[in-house]
Amino acid sequence: MKRYVFDSSALISYFDGEHNAEKVADLLEEINEKGLDAFLCVINLGEIYYHFLRTGGNHISDEIFKLTKTLPIKIIEANVELTLSAGRIKAFNKMSYADCFAAALAESKRAFLVSSDREFKQIENKVKLYWI
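Quick note: to get our numbering, add 1014 to the position in the sequence shown (first position is 1).
It cannot be assumed that every hint is accurate.
Claimed, not checked - Derived DSS-like pairs (lysine-lysine); straight-line CA-CA distance at most 27 angstroms:
1. Lys1080 <-> Lys1104
2. Lys1104 <-> Lys1048
3. Lys1123 <-> Lys1104
4. Lys1083 <-> Lys1016
5. Lys1142 <-> Lys1104
6. Lys1016 <-> Lys1037
7. Lys1048 <-> Lys1142
8. Lys1140 <-> Lys1080
9. Lys1123 <-> Lys1037
To be verified - If you anchor each label on the Cβ, the simulated ranges turn out as follows:
10. Tyr1064 <-> Met1015: 13 to 21 angstroms
11. Leu1098 <-> Glu1047: 18 to 26 angstroms
12. Arg1068 <-> Tyr1111: 14 to 22 angstroms
13. Asn1046 <-> Trp1145: 33 to 41 angstroms
14. Asn1139 <-> His1073: 41 to 49 angstroms
15. Glu1032 <-> Ile1089: 31 to 39 angstroms
16. Tyr1111 <-> Glu1032: 32 to 40 angstroms
If you're looking for bench data, these hints aren't it; they were derived computationally from the structure. Each residue gets a CB set at the ideal place from its N, CA and C atoms; glycine is no exception.
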């Protein structure tokens, strides 16, 4: 069964209605209909939250947070194991620290990493990528 980990870029695109929002919507629908596993690291949830806080203020960021919780995606806490895995990825790649958490979670769940962030191209030999 396919599993997916969402990077913040995918959900920001979805909520912002960007050109690739429909692709994300279709994937979310498939996940919901087929009962597939989907995950979001709490660190990446923080990225989504601060993006909308900066661009839309408190009301918008709070609404996006509520909407995120209604998606068929399980929010995963950043425990010690995940944090160390993210640290190993960061040590050897030029990626943002938050992106390393998404990659580490995808690696641990043996999941496709859903993203539009080309930073992940450098680790596509280690993590399966689902480009939007």
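Would you list, in rising numerical order, the hints stated earlier that this structure does not obey?
The structure conflicts with hints 1, 2, 8, 10, 11, 13, 15, 16, although it agrees with all the remaining ones.
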